[in-house]
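2 protein chains.
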Amino acid sequence: MNQFVFFGGKGGVGKTTVSSAFAHKCARAGQEVLLVSTDPAHSTADVFDQEFDDDPRPVEGYDSLSVMEIDPEQAVDEHLMGIKRSLGDQVSPAIVNEIDRQIELAHRTPGAHEAALFDQFIEVMRDADAFDRVVFDTSPTGGTLRLLSLPEYLGGWIDRLLEKREESVKLYERAAIGGREPRRTQVGDPIIARLQARKENFEFAGETLRTDASFYVVLNPDQLSVRETSRAVDQLREYDLNVSGLVVNRITPEPDAEETGRGARYLRDRIETETQRLREARESIDPPVVATIESRVREVKGDILESVAAELEIGSE
Amino acid sequence: MNQFVFFGGKGGVGKTTVSSAFAHKCARAGQEVLLVSTDPAHSTADVFDQEFDDDPRPVEGYDSLSVMEIDPEQAVDEHLMGIKRSLGDQVSPAIVNEIDRQIELAHRTPGAHEAALFDQFIEVMRDADAFDRVVFDTSPTGGTLRLLSLPEYLGGWIDRLLEKREESVKLYERAAIGGREPRRTQVGDPIIARLQARKENFEFAGETLRTDASFYVVLNPDQLSVRETSRAVDQLREYDLNVSGLVVNRITPEPDAEETGRGARYLRDRIETETQRLREARESIDPPVVATIESRVREVKGDILESVAAELEIGSE
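Residue numbers (the numbering used here), protein chains in the order written: chain F, 1 to 317; chain H, 1 to 317.
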């Protein structure tokens, strides 16, 4: 199986539960596992009854499981501070204020969080040599996936920017210091370096996500969720990503055969509807259903994690 | 009650069900109602068993209910085409290609959809004189709400752009036609007009959302949903929006008193957990719970709509 595993799906379907159970299963099978949580509610802290932060921290009671939590709000702040710092060194003080203004504005753009989060994903993937398996409790979707097509798209544009930049560095150098050899112009030019690094970063992400990542979509057995999953699978495939299967979470449990009251009728009727939705999902969505997980009475944590992991028929090998 | 009513909350909690039931209730009370759906799965078509599009269409079987469906994907396309057209007239053909490229790029930015959708909301609100009540099956959140602060934020910036633009128009006019009076410069300048319209548009949105709109957050009785709702309420309040209440959807129904099997135990345990989550919601989140709606066996449509509307204790007056 690939080193990177993403559990996507809409909010509330149970991605944190499923990815925690999968990380648990891989760690129990002896793999060195990192679980990356992006849920701003930090529910991995509830699942493992332990606080985490944005560095990988070993989970108590496990030999080879670490968790890190990425806070999208904090990610976007750090992202923008990074840009401020690197630009602040490059431009005249006169326009620093104008740049600050523009950056603040960018912060207010819808989507800034998704973009910053994606940058953090790339950073985690680049720095994952110590782990056999890195499990993400979300998956890039719509707007973020579009960033994967930026390298091809921006290719020509960045090349032209680089040419312009080289020209202006050359001109500047000639004007300032006369007849010296122009060979040193590019060496260490930090703006050129930054543009190239950026393009290269997205290329790395595209390549890694296409060749060393598996994507699962978590859904619930209802009409809305089935439709959304169909769209999510199409989006992932549009970017040539490898959708390995569907995980159906929150299946209603069966009553005993002899139960006949209002409660039992409600459960049987629900199960009938869910079975039909599940059939529709199998018929209309291509990747196979690799796991079905029963609804629990309470939020999944501790002991329940082990039993959910057992229902998760995704191999850890 | 205010003319505009928004039902926010995470995907999958049942916003379309709740807003359809509320629109149904207001229409049955004799109000002229428009239900605006933004769900890309177009589930209002299922609820009312009728196809809709992006113009308000009367719903069969009602005297005063219309539905329109906004497709975010299509909204972003139209939005960008509009920008292309208006810029295409203003700039030299030489840079039209570069602008096309930039606009394509903007299309690929995460958040472009949310921004385009918000523009459409504003358009609907501007054009709603025929309706007593306009019900939206979603609410602006995070990134989109930030757009509401753009007018104050952009105020100074746009003013400076306007000054620059006026200067350049004046210079251009003097250079081109010598000593003529410069009084006509601003009249009909389409770029100035566009910038001012844009700023004014967001000001209108902020004003209307603050003074003539009610926001409800739909949630389910589980820990994740309660926490997300708490955050959503804080976000809305941060922008001085009027959060009128919480609608708790998907409450597990009770079994009969004499039921004792595995099914009945499951339901009772679930109800106990849900009761606790509901108590936490009431304690930790400020706006009142204005409705609790029981889980249905199937997706809500037709007859079930009437019974859900009856459980919805939000006054239509």
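Among the hints, a few may not be true.
The list cannot tell twin chains apart, which means a pair is met if one copy fits it or any two copies do.
As the list claims (entries may be wrong) - In silico EDC-like links for lysine to aspartate or glutamate, alpha-carbon gap of 20 Å or less:
hint : residue 1 : residue 2
1    : K170      : D222
2    : K199      : E299
3    : K84       : D256
4    : K301      : E274
5    : K301      : D269
6    : K10       : D212
These are computed hints drawn from the structure, not numbers from a lab.
Since we're looking at a predicted model, the values are computed, not measured.
Comparing the hints with the structure gives:
1. K170 x D222: Answer is neither: 63 Å inside a copy and 62 Å across each miss the 20 Å cutoff.
2. K199 x E299: neither (42 Å within a copy, 46 Å between copies)
3. K84 x D256: neither (63 Å within a copy, 63 Å between copies)
4. K301 x E274: between (25 Å within a copy, 17 Å between copies)
5. K301 x D269: Cα proximity of K301 and D269: across copies only (16 Å, versus 29 Å in one copy).
6. K10 x D212: neither (23 Å within a copy, 31 Å between copies)
Consistency note: the structure conflicts with the earlier hints numbered 1, 2, 3 and 6.
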